[in-house]
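Student: Chain residues, written in single-letter form:
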Amino acid sequence: MIKALGYFIAIIKGSLITTRHFMVNMWFHTLKLFRIKTKRKGAVTIQYPEEKRKIASRHRSLHRLLKREDGKPRCVACMLCVTVCPSECIFVEAAEDPDPEVQKVPSIFIIDLSRCCFCGFCVEACPEDAIRMDTGQIEFAEYSRDKLIYDLEKLMG
Amino acid sequence: MSEWIIILIKIICALVWFLVIALYLTWVERKESAVIQDRIGANRANIWKFRAIGLFQPFADAIKMIFKEDFTPKFSRKFLHNLAPFISFFFVAVTISAIPFGDVLRIGGREIKLQVVDFNVSLLFVMAMLSLGIFGIILAGWSSNNRYTLLGGMRGAAQLISYEVALGLSLIGLILVYPSLKLSAIVHYQGEMLWGWLPKWGVFLQPLGLLIFFFAALAETKRVPFDLPEGENEIVGFFTEYSGLKWGLFMFTDFMEVLIVACLLTTLFFGGWQVPWLYADGFHFPWGGEWLLPHGIVVAFQVLAFNLKVFFFCWLQILIRWTYPRFRYDQVMDLGWKLLVPLSLVNIAGTAILLSLIG
Numbered sequence: 002m003i004k005a006l007g008y009f010i011a012i013i014k015g016s017l018i019t020t021r022h023f024m025v026n027m028w029f030h031t032l033k034l035f036r037i038k039t040k041r042k043g044a045v046t047i048q049y050p051e052e053k054r055k056i057a058s059r060h061r062s063l064h065r066l067l068k069r070e071d072g073k074p075r076c077v078a079c080m081l082c083v084t085v086c087p088s089e090c091i092f093v094e095a096a097e098d099p100d101p102e103v104q105k106v107p108s109i110f111i112i113d114l115s116r117c118c119f120c121g122f123c124v125e126a127c128p129e130d131a132i133r134m135d136t137g138q139i140e141f142a143e144y145s146r147d148k149l150i151y152d153l154e155k156l157m158g
Numbered sequence: 098m099s100e101w102i103i104i105l106i107k108i109i110c111a112l113v114w115f116l117v118i119a120l121y122l123t124w125v126e127r128k129e130s131a132v133i134q135d136r137i138g139a140n141r142a143n144i145w146k147f148r149a150i151g152l153f154q155p156f157a158d159a160i161k162m163i164f165k166e167d168f169t170p171k172f173s174r175k176f177l178h179n180l181a182p183f184i185s186f187f188f189v190a191v192t193i194s195a196i197p198f199g200d201v202l203r204i205g206g207r208e209i210k211l212q213v214v215d216f217n218v219s220l221l222f223v224m225a226m227l228s229l230g231i232f233g234i235i236l237a238g239w240s241s242n243n244r245y246t247l248l249g250g251m252r253g254a255a256q257l258i259s260y261e262v263a264l265g266l267s268l269i270g271l272i273l274v275y276p277s278l279k280l281s282a283i284v285h286y287q288g289e290m291l292w293g294w295l296p297k298w299g300v301f302l303q304p305l306g307l308l309i310f311f312f313a314a315l316a317e318t319k320r321v322p323f324d325l326p327e328g329e330n331e332i333v334g335f336f337t338e339y340s341g342l343k344w345g346l347f348m349f350t351d352f353m354e355v356l357i358v359a360c361l362l363t364t365l366f367f368g369g370w371q372v373p374w375l376y377a378d379g380f381h382f383p384w385g386g387e388w389l390l391p392h393g394i395v396v397a398f399q400v401l402a403f404n405l406k407v408f409f410f411c412w413l414q415i416l417i418r419w420t421y422p423r424f425r426y427d428q429v430m431d432l433g434w435k436l437l438v439p440l441s442l443v444n445i446a447g448t449a450i451l452l453s454l455i456g
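Read top to bottom, the protein sequences are chains V and R. For the first sequence, my numbering gives the first residue as 2, with consecutive numbering after it. For the second sequence, my numbering gives the first residue as 98, with consecutive numbering after it.
The following block holds chain R by itself, in its conformation from the complex (with noise of 0.2 Å):
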C-alpha cells in the first residue's frame, strides 16, 4: 500500500515540476528574448498592481486562452481533430517518467528512487514517446482538411522522422560506453572518475555524439531554426485550424520538449544529478580534501545539481531559437542525412575501435 502512495507522490511531483517549469519556459521565452534584443519584455501582468517582473504572465496567457472561443471548422475531421492536441502533449508528458531526478532518498529505513519509474529500457521509452508524439502532428495536419496544415503536418513528419534516425544513432555511441539501457545506471556510469579527477560525463567521453545529439534533439523540439512543419511566413503550420486552449496545447508541447531535451541532454551528456566528486558520504576532491555531508544535504545537492544544468540547457535553446533563422527544407534534411547522420556512423565506428582497444 505504502509502495502505491510513494509512486503517486512521486508521479504528482514529476508532474508538477514539468508542468510548472514549462509553463515558466513561456516567461523565460519572452523574458529572455527582450534581453537579448535590448528590450525589456513583458511586465505589465499583474495582481493589484503588483507585477513582479511580469510573472503571472503565463497565467494571465492561460486565463485568456481558456476563455477564447474553441473553434472547430466544420470540415474538418471532428474526433481526430479533438484528439490530435491531446496526443501531442501526453506523449511527451509522459516522458517526465524516466528521467532520473536525483538518487536513492532513506527516509526511515525506506528507500525512494528519485524517479518516477525505473525502468531497464527507459532510453528507449524516452526515445519511443518522443517519436509517437509525430502522431499528434500528422493527425492535426491531416484532420484539419486544410491544404496548408496538410503540408505542414507532412513536413513535420518529414523533418522528425529523418531526425529521429540521427538522434538514435548519435546515442548508440553513448550506449557502448556505459553499458545500459537504464538512464538511472548511465547516470550512476557518469559519476566514475577518469584518471582519478575527471568525472567520466557523456559530454568528455562522446563530445561528437553530443554535439549530434543536440542538433537533432533540436530539431526534434520544431523550434525555430527548424521550425518547418510551423513556416510562419509561407504555410503557417500544422496547427491553423485549432484555436483556444487546443492551440494552447501544441504550443506548450513544444516548450515541454524544450525542457525533456534539456533533461535528456543533462541525464545522457552532463551526468545527470552527479556534482563532481560528490560521493554518497560528501565531497572527495582529488587534491586529497574531503568534505562530509549528511545524506539529506547530499540528495539536495544533487537535485539542485539537475535543475540548475537542465536550466541552463533550457536557457541555451532558448538563446539558439533567438539567434537563428530558419533553415530552408532542402538544407534540414541535407543537414539530417548528409551531415549528422554520417558523423554518427563515424562516431559510432570510432567509439567502438576505441573501446576494443582499450579492452
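So that you can see chain V by itself, here it is in the shape it has in the complex (with noise of 0.2 Å):
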C-alpha cells in the first residue's frame, strides 16, 4: 500500500514534467501563430526538404577530383586510394602522360557510390591531394545502381 503510494508520488512527477513541456512549448508555438518573434522554438524540428541543416566544414559529403591549372586531374594514378578503400569501390586506371614530371594520369577513374562507406580514406592516402570530399551535397540518391556509378568526368565536373 505504502509503496504504492510512492509509485503514485512517481507517476504525478512524471506527468508534471510532460505537461512542462506541453505548455512551454504551446506558449511558443501560440507567440509563433501571432508572429510574435522569439529567441526559443517550440519545437527542434527541421522541416527537410524546405529547410536545410547548416553542414559541418569537416562533413564528408560527395567526393570530387581536384585540376591543375590546365584542365587535367591532379591524380597520378598512384592506387593508393584504391588500395586503402575498405569497400573496394574505387577502380583505375593509369594512362601515360607526355609531360615528363607528371608521367601518370588516370584514364579511368570510377567511384562506385553505392558501394563507399563514405569513410574519407581515399581523402588521408592521397598524396597529390586530388581527392576530397568537401561538394556539401548529399542529396545523390538514385533509381537505378548504374546512376551510382560515377566517372572521372562527373566527378570533376
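No lab work stands behind these hints, which were simulated from the structure alone. Please read all numbers here as calculations on a predicted model, not as lab measurements. Among the clues, some could well be false.
To be verified - The calculated label-pair distances, taken between Cβ atoms and stated as ranges, are: (1) A57/V / D135/R: 50 to 60 Å; (2) F92/V / L120/R: 20 to 30 Å; (3) G7/V / P383/R: 31 to 41 Å; (4) R41/V / A157/R: 49 to 59 Å; (5) F187/R / S62/V: 53 to 63 Å; (6) G265/R / R41/V: 17 to 27 Å; (7) A142/V / A157/R: 23 to 33 Å; (8) G7/V / A397/R: 37 to 47 Å; (9) I144/R / Q138/V: 45 to 55 Å; (10) E387/R / M27/V: 56 to 66 Å; (11) S228/R / P50/V: 45 to 55 Å; (12) V300/R / I56/V: 47 to 57 Å; (13) S99/R / R36/V: 19 to 29 Å.
Claimed, not checked - Example chain R residues on the side facing chain V (calculated, C-beta under 10 Å, incomplete): (14) I137; (15) N140; (16) N143; (17) V321; (18) P322; (19) L416.
Don't be surprised by glycine CBs; every beta carbon is placed ideally from N, CA and C.
Dock chain one against chain two, each of which comes alone in its own frame, and use the hints as you go.
Tutor: Printed below as a string of C-alpha cells:
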C-alpha cells in the first residue's frame, strides 16, 4: 500500500514533466501563431526538404577530383586510394602523360557510390591532394544502381 | 410525428458530434504527443497546398484505410471475424445516447432535452454497453485463429472484466450521494451548492471515487499504460489479423472510448453541463452579484461548458498515454484487485457512514 503510494507520487511527477513540456512548447507555438518573434522555438524539428541543416565544414559529402591549372586531373594514378578503400569501390586505370614531370594520369577513375561508405580514407591517403569530399552535396539518391557509378567526368565536373 | 423528427435530429447531432470529435482526437493525439516531445507532428496533408496545421490528416488516414486491402485470413472464422469490429464499434457508439449535453432547450413552446434518450437507468446502460464492448475484443482474438491474437483477446477480457468491478464499485459511492441512476438527474443534483458557494460536484463530494473511477476508466480504454490486450512489443494484439477499414474501426473505437470516458468523467464528477453559479435565468454569484441572461445564451453556456470539460479530459488522457510506459500484466492485475477494489469498498463504507451521520 505504502509502496503503491510511492509509485503514485512518482507517476504524478512524471506527468508534471510532460505537462511542462506541453505548456512551454505550446506557449512558443502560440507566440509564433501571432507572429511574435522569440529566440526559442516550440519544436526542434527541421522541416527537411524546405529547410536544410547547415553542413559542418569537415562533413564528408560527395567526392570530387581536383584539377591542375591546365584542366587535367591532379591525380597521378598512384593507386593509394584504391588500396586503402575498405569497400573497394574505387577503380583506377593509369595512362601515360606526355609531361615528364607528371608521368602518369588516370585514364579511368570510377567511384561506385552504391558501395562507398564515406569513410574518407581515400582523401587521407592521397599524396597529391587530388581527391576531396567537400562538395557539400548529400542528396544524390538515384532510382537505378548504374547511375551511382561516377566516372572521371562526373567527379571532375 | 414531430416527436420522432426531434429524436432523429438529436440522434444525428449526437452521433456526428461523437464521430467528428473522435476523428479529430486522432489528430489531437498526434499533435499533442509531438508538442510533448518537442516535435511538430503531422502537418503535411494538404488540399491545394493549403495545410491548415495538418487538419486534413484524419481524412487522409481514412482514405488510406478505405483503399487498403481488406484481408481475411483463410484460417479465420469468417463470420465472427467480420462481425467483431462492428460489435466493438457499435457498443461504444451507442453509449453517447445517454450523455446529457445540456439542460432543457425551449423553442416555440416545446421543451427539448439536450440528451438523446433520458433513461431512468442511463448510468447502468452506459456501464453495460461499455462492458459488452469486450465481446468485440474476445471475438476478434478468438475468431482470428491465431495464438497471439487469442492471447491478446484473453488478456483483454481478463483486464476489462477485472477493472469493470472497480469501475462499478467506485460509482456506488456516487449513487449514494446523488440518489439516482439517471444521468440527467445526477447532473441536476450537482447544480446545488454546498455552504452556499461550492458547487456539489462529484469531485468535491467523492474525491476518492473520482480517483478510482479515473484509473479504472483508463484501463477500460485499453490505451498505453494499460494496453495489455495490444502489447505491441510482445504479442502485437487481438487485431493482428485485421487490415484496412476493420482495423481502423478497432483503432477508432479506442478514440471513441477515450471520448466517452471523458464524457462520463464530466457528467459524473465535474458537473456535466453545469457552470458554477449559473442558474436557469443567469448567474447568481455567492457574493451577491447577479448577471441575468436570456434562455438561449444560458443553454449555449451549458453546452460550451460541457464541451470544454470533455476536451480537457480528452487532453488529459492523451497526456497520460504519452507519459507512462506500459504496466506489466501482473502489476495491472495487482493494481486492479489489490488496490482499486479495496479502496472502492472503503469509499462505499466511508460514504455510507458519513451520509448516515449527516442524516
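Student: Against each hint, give a clear statement of whether it holds in the structure.
Tutor: Cross-check of the supplied hints:
1. Checked against the given bound of 50 to 60 Å, the beta carbons of A57/V and D135/R, roughly 23 Å apart, lie outside it.
2. Hint check: F92/V to L120/R, Cβ distance near 57 Å, so the stated range 20 to 30 Å is violated.
3. The supplied range of 31 to 41 Å is met by G7/V and P383/R, whose beta-carbon atoms lie about 39 Å from each other.
4. At roughly 31 Å, the beta carbons of R41/V and A157/R sit outside the given window of 49 to 59 Å.
5. Taken as a hint, the range 53 to 63 Å holds for the pair F187/R and S62/V, whose Cβ atoms sit roughly 57 Å apart.
6. For the pair G265/R and R41/V, the beta carbons lie near 48 Å from each other, so the given range of 17 to 27 Å is not met.
7. The supplied range of 23 to 33 Å is met by A142/V and A157/R, whose beta-carbon atoms lie about 25 Å from each other.
8. Our hint of 37 to 47 Å for G7/V and A397/R holds, since their Cβ atoms are close to 46 Å apart.
9. Distance hint for I144/R and Q138/V: a CB-CB separation of about 34 Å, inconsistent with the stated range 45 to 55 Å.
10. A C-beta distance of roughly 36 Å is found between E387/R and M27/V, which places it outside the suggested range of 56 to 66 Å.
11. A beta carbon spacing of about 49 Å between S228/R and P50/V agrees with the range 45 to 55 Å that was offered as a hint.
12. Range check, V300/R to I56/V: about 55 Å between beta-carbon atoms, so the 47 to 57 Å window is met.
13. At about 51 Å, the beta-carbon gap between S99/R and R36/V misses the expected band of 19 to 29 Å.
14. Hint status for I137/R relative to chain V: holds, with the closest Cβ pair at about 5 Å, below 10 Å.
15. The restraint placing N140/R at the interface with chain V holds, with a minimum CB-CB distance near 8 Å, inside the 10 Å limit.
16. Taking 10 Å as the C-beta contact cut-off toward chain V, the hint placing N143/R at the interface is violated, the least distance being around 13 Å.
17. Nearest Cβ of chain V to the Cβ of V321/R: about 13 Å, over the 10 Å cut. The hint is violated.
18. Hint on P322/R holds. Least Cβ distance to chain V is approximately 9 Å, under the 10 Å limit.
19. At about 6 Å, the closest approach between the beta carbon of L416/R and any beta carbon in chain V falls short of 10 Å, and the interface hint on this residue holds.
Checked against the numbered hints above, the structure violates hints 1, 2, 4, 6, 9, 10, 13, 16, 17; every other hint is satisfied.
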